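Residue numbers (the working numbering), protein chains in the order written: chain A, 9 to 222; chain B, 245 to 390; chain C, 854 to 1220.
Treat the hints as calculated values from the structure; they're not laboratory data.
Hints are not guaranteed to be accurate.
Within a straight-line C-alpha distance of at most 20 Å, the following computed SDA-like cross-link-like pairs (lysine to any residue) qualify [what the hints assert, rightly or not]:
id, chain 1, residue 1, chain 2, residue 2
1, B, K289, C, N1067
2, A, K18, C, G1151
3, B, K321, C, T1102
4, A, K18, C, E891
5, C, K1081, B, G367
6, C, K903, B, Y310
7, A, K18, C, E1063
8, C, K903, B, S319
9, B, K321, C, E1063
10, C, K903, B, K268
11, A, K18, C, G1079
12, B, K372, C, K1081
13, C, K991, A, I17
14, B, K250, C, G1151
15, C, K1081, B, H322
16, C, K938, B, D270
17, A, K18, C, D1132
18, B, K372, A, I17
19, C, K903, B, L308
20, B, K268, C, P1143
21, B, K289, B, R335
22, A, K18, B, N370
23, C, K903, A, Y157
24, B, K372, C, R879
25, A, K18, C, K938
26, A, K18, B, P369
27, A, K18, B, G367
28, B, K372, C, K938
29, B, K321, C, G1079
30, B, K372, C, V880
31, C, K1193, B, K250
Bear in mind that the values here come from a model prediction, so they are computed numbers and not experimental data.
The primary structure of each chain is shown beneath.
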Amino acid sequence: MEVVGLDSIKELDSREGQDINSLIERSRIPLPDPDRWLDEDVKRNVAMIATDAVLNWGRLNSIYMHATGPACCIFEFLSAFTARFDVARFGWEIFRPSPRQADVFVIAGTVTWKMAVQLRRLYDQMPEPKWVVAMGACAISGGTFRESYSVVPGVNRIMPVDVYIPGCPPRPEGFLYGMLMLQEKIRRSSSKKQILEGTYKFKQNFRQFPAGNH
Amino acid sequence: MTVALKSEQTASQIAAAFPGADVKADGPAVVVAPDMVNKVCAFLKSAPGLEFDYLQNLTSTDYLDYFEVVYHLTSLKHNHSMVLKTRCFDRNNAEVASVTGVWRGADFQEREVYDLMGIKFTGHPNLKRILLWEGFPGHPLRRDYL
Amino acid sequence: MSLRTQELLLNVGPQHPSTHGVARFRVWLDGEVVTNLELVVGYLHRGIEKLAETRTYTQVIPLTDRLDYLCSMSNNLAYCTAVEKLAGVKVPERAEYIRVIMAELQRIASHLMSVGFLLNELGAYYTPIIYCFRDREKIVDLFEMVSGQRMMYTYLRIGGVSQDLPEEFIPALKRLIVDLRKAIEEYEALLSGNEILIARMKGVGVLSPELAINSSASGPVLRASGIKWDIRRAEPYSIYDRFKFEIPTANNGDCYDRYWVRIEEMKQSLNIIEQALKDLPAGEICAKVPALIRPPRGEAYGHIEAPRGDLGFYIVSDGSIAPYRVHIKPPTLINLTTMKDLCVGWKLADFIVIFGSIDVVLGEMDR
Chain A
9 MEVVGLDSIK ELDSREGQDI NSLIERSRIP LPDPDRWLDE DVKRNVAMIA
59 TDAVLNWGRL NSIYMHATGP ACCIFEFLSA FTARFDVARF GWEIFRPSPR
109 QADVFVIAGT VTWKMAVQLR RLYDQMPEPK WVVAMGACAI SGGTFRESYS
159 VVPGVNRIMP VDVYIPGCPP RPEGFLYGML MLQEKIRRSS SKKQILEGTY
209 KFKQNFRQFP AGNH
Chain B
245 MTVALKSEQT ASQIAAAFPG ADVKADGPAV VVAPDMVNKV CAFLKSAPGL
295 EFDYLQNLTS TDYLDYFEVV YHLTSLKHNH SMVLKTRCFD RNNAEVASVT
345 GVWRGADFQE REVYDLMGIK FTGHPNLKRI LLWEGFPGHP LRRDYL
Chain C
854 MSLRTQELLL NVGPQHPSTH GVARFRVWLD GEVVTNLELV VGYLHRGIEK
904 LAETRTYTQV IPLTDRLDYL CSMSNNLAYC TAVEKLAGVK VPERAEYIRV
954 IMAELQRIAS HLMSVGFLLN ELGAYYTPII YCFRDREKIV DLFEMVSGQR
1004 MMYTYLRIGG VSQDLPEEFI PALKRLIVDL RKAIEEYEAL LSGNEILIAR
1054 MKGVGVLSPE LAINSSASGP VLRASGIKWD IRRAEPYSIY DRFKFEIPTA
1104 NNGDCYDRYW VRIEEMKQSL NIIEQALKDL PAGEICAKVP ALIRPPRGEA
1154 YGHIEAPRGD LGFYIVSDGS IAPYRVHIKP PTLINLTTMK DLCVGWKLAD
1204 FIVIFGSIDV VLGEMDR
């Protein structure tokens, strides 16, 4: 039976440290928000394909959430799942820890550079179509801890964000309002645009995060 | 009620046990030399009448001329407490003897001091960064880290 | 023919439903049995100690809220105790009573959460958590009444509290105490005699008293191992020496005892709140302290019995408006020092339960 000795733990640690340092180098500017659906607003309302309407209706009423709660906001997220604020009336009571089964990635709390590598990996593991919700001031811009040496100043440095929910922490009602805005966005999306966006994201990912280390 | 022991009395007890050592009382704290810390702590843990069996807190401060490592000790048996300090004057090569052999609770706290302040603890079983990652440039809690 | 086996290095976390946040363990497994364990933390290290050096003493209070975000009132109390010790500020009577009521309510809310999440680790997927959230919502309603916030209250100030209690607070609190007593009885009836709980938690992860003292364990972890040490009795801060309450202590130091100590502590907290309500005086709610307080040069170490252990603040002042050094002593990180001794030899599922019974919150562990 092999026992992993101390030297190989050092290797593990230094490899992870290198990953984090290289992520910091690559994340100097925030990624642009995917909001091109706002421009094509008028066109969409006029010419929506029937299959798109059905698909979108199905998607927005059965969102599977994947919540990573690095910090405090996760408790307001969980409070939204209780009977008092009841997220189940919208159809979203599924909240699984696995990214492979999720549609929406809710980042609730402060993101540090050490955790950012793991969050990016989780985002890449989610299948398309996927959306990202940044919940709380720390996920939007670093919040109270923006000047700190180890905090990512906003999660849009490492992944494109669809909805920003401000608050510290946002009340569960605020979280529900943010999710309703995401519903609106899903309702207006089209499969043709999704393919275009998917290609755009893939090209961006490939430029910034070449496959091979995931 | 936990009684904070008078530092002069404790300092004289330590000086009696380690003749010729650099021990003095500075306000409420007893200051010893960095390389003797583990021996002094072993004495404080076992000496009858003192018996400091609980390490309350282990931290460090950066006064620009020197680093100061502070130990807050408590005795659950006698319900008294004391403050022990040690000072390192070499900024680039600060080394203090580790007390993990005396109290296991010092393990993570010493690693944190090494991580954030850069003070090495000789004799620590696993001294590596705990809160930040390997390859992080510098030690953030120093006053000259920007 | 012999079977060739190999040890497996398994990574638990940082994204995991049972790691109470972003804790990470590297676990070496021989089959299902744990042979070695390493804790990797720092995934929520926000640099609060460094940030505190650039803010004034009052501006550090919102930072302390976000440490152990399930007990914000206790964190505030620990910090304010340390600064008041340093600056020599005397807190008025009414403020002391209000602080005690808030701290004990916070203790109940926090223990409810830890019991709920412990049951999540045992496999009762989210049902006990929802029950505990139901009662926590009632407590959080009261906190919202006084401070306007559901989570990070920033209610305490150096020298007292920031706002007085509104009139509807005390009748609501009296109704809540009755509700909470019934709720705790319900939890005991449902959980404490449950045979799955007993089979999975009794005798698992035993922490001996000598090791507990040597590894600076504190809070329910220490008391479950038989050491009757509670800062509220040993070194009373605020006005805890005026209240009569028991300190629940158990004998075995296993997971079941850690759970049992928390349930009993909730009952004792209700007793303390009732006594405080009876004697609540009228008066000022905050001492006359300048907005930019400048404590004299020196240092102070103030610690309280937070729900998760012995939370301490070491503050060094150089006479200016911002602290020179703030160090937060994290009870949760130190309680995990002996994780390896507790878990080696047990199975992976037991390791999750042991970690849950020690009850960590990552905000305080990583700061």
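Each hint, compared with the structure:
{"no.": "1", "hint": "K289(B) <-> N1067(C)", "verdict": "holds (10 Å)"}
{"no.": "2", "hint": "K18(A) <-> G1151(C)", "verdict": "violated (40 Å)"}
{"no.": "3", "hint": "K321(B) <-> T1102(C)", "verdict": "holds (17 Å)"}
{"no.": "4", "hint": "K18(A) <-> E891(C)", "verdict": "holds (12 Å)"}
{"no.": "5", "hint": "K1081(C) <-> G367(B)", "verdict": "violated (32 Å)"}
{"no.": "6", "hint": "K903(C) <-> Y310(B)", "verdict": "holds (18 Å)"}
{"no.": "7", "hint": "K18(A) <-> E1063(C)", "verdict": "violated (32 Å)"}
{"no.": "8", "hint": "K903(C) <-> S319(B)", "verdict": "violated (31 Å)"}
{"no.": "9", "hint": "K321(B) <-> E1063(C)", "verdict": "holds (12 Å)"}
{"no.": "10", "hint": "K903(C) <-> K268(B)", "verdict": "violated (30 Å)"}
{"no.": "11", "hint": "K18(A) <-> G1079(C)", "verdict": "violated (38 Å)"}
{"no.": "12", "hint": "K372(B) <-> K1081(C)", "verdict": "violated (34 Å)"}
{"no.": "13", "hint": "K991(C) <-> I17(A)", "verdict": "violated (46 Å)"}
{"no.": "14", "hint": "K250(B) <-> G1151(C)", "verdict": "holds (17 Å)"}
{"no.": "15", "hint": "K1081(C) <-> H322(B)", "verdict": "holds (13 Å)"}
{"no.": "16", "hint": "K938(C) <-> D270(B)", "verdict": "holds (19 Å)"}
{"no.": "17", "hint": "K18(A) <-> D1132(C)", "verdict": "violated (58 Å)"}
{"no.": "18", "hint": "K372(B) <-> I17(A)", "verdict": "holds (11 Å)"}
{"no.": "19", "hint": "K903(C) <-> L308(B)", "verdict": "holds (16 Å)"}
{"no.": "20", "hint": "K268(B) <-> P1143(C)", "verdict": "violated (36 Å)"}
{"no.": "21", "hint": "K289(B) <-> R335(B)", "verdict": "violated (30 Å)"}
{"no.": "22", "hint": "K18(A) <-> N370(B)", "verdict": "holds (11 Å)"}
{"no.": "23", "hint": "K903(C) <-> Y157(A)", "verdict": "holds (9 Å)"}
{"no.": "24", "hint": "K372(B) <-> R879(C)", "verdict": "holds (15 Å)"}
{"no.": "25", "hint": "K18(A) <-> K938(C)", "verdict": "violated (43 Å)"}
{"no.": "26", "hint": "K18(A) <-> P369(B)", "verdict": "holds (14 Å)"}
{"no.": "27", "hint": "K18(A) <-> G367(B)", "verdict": "holds (18 Å)"}
{"no.": "28", "hint": "K372(B) <-> K938(C)", "verdict": "violated (34 Å)"}
{"no.": "29", "hint": "K321(B) <-> G1079(C)", "verdict": "holds (14 Å)"}
{"no.": "30", "hint": "K372(B) <-> V880(C)", "verdict": "holds (18 Å)"}
{"no.": "31", "hint": "K1193(C) <-> K250(B)", "verdict": "violated (38 Å)"}
Checked against the numbered hints listed earlier, the structure breaks hints 2, 5, 7, 8, 10, 11, 12, 13, 17, 20, 21, 25, 28 and 31; every other hint is satisfied.
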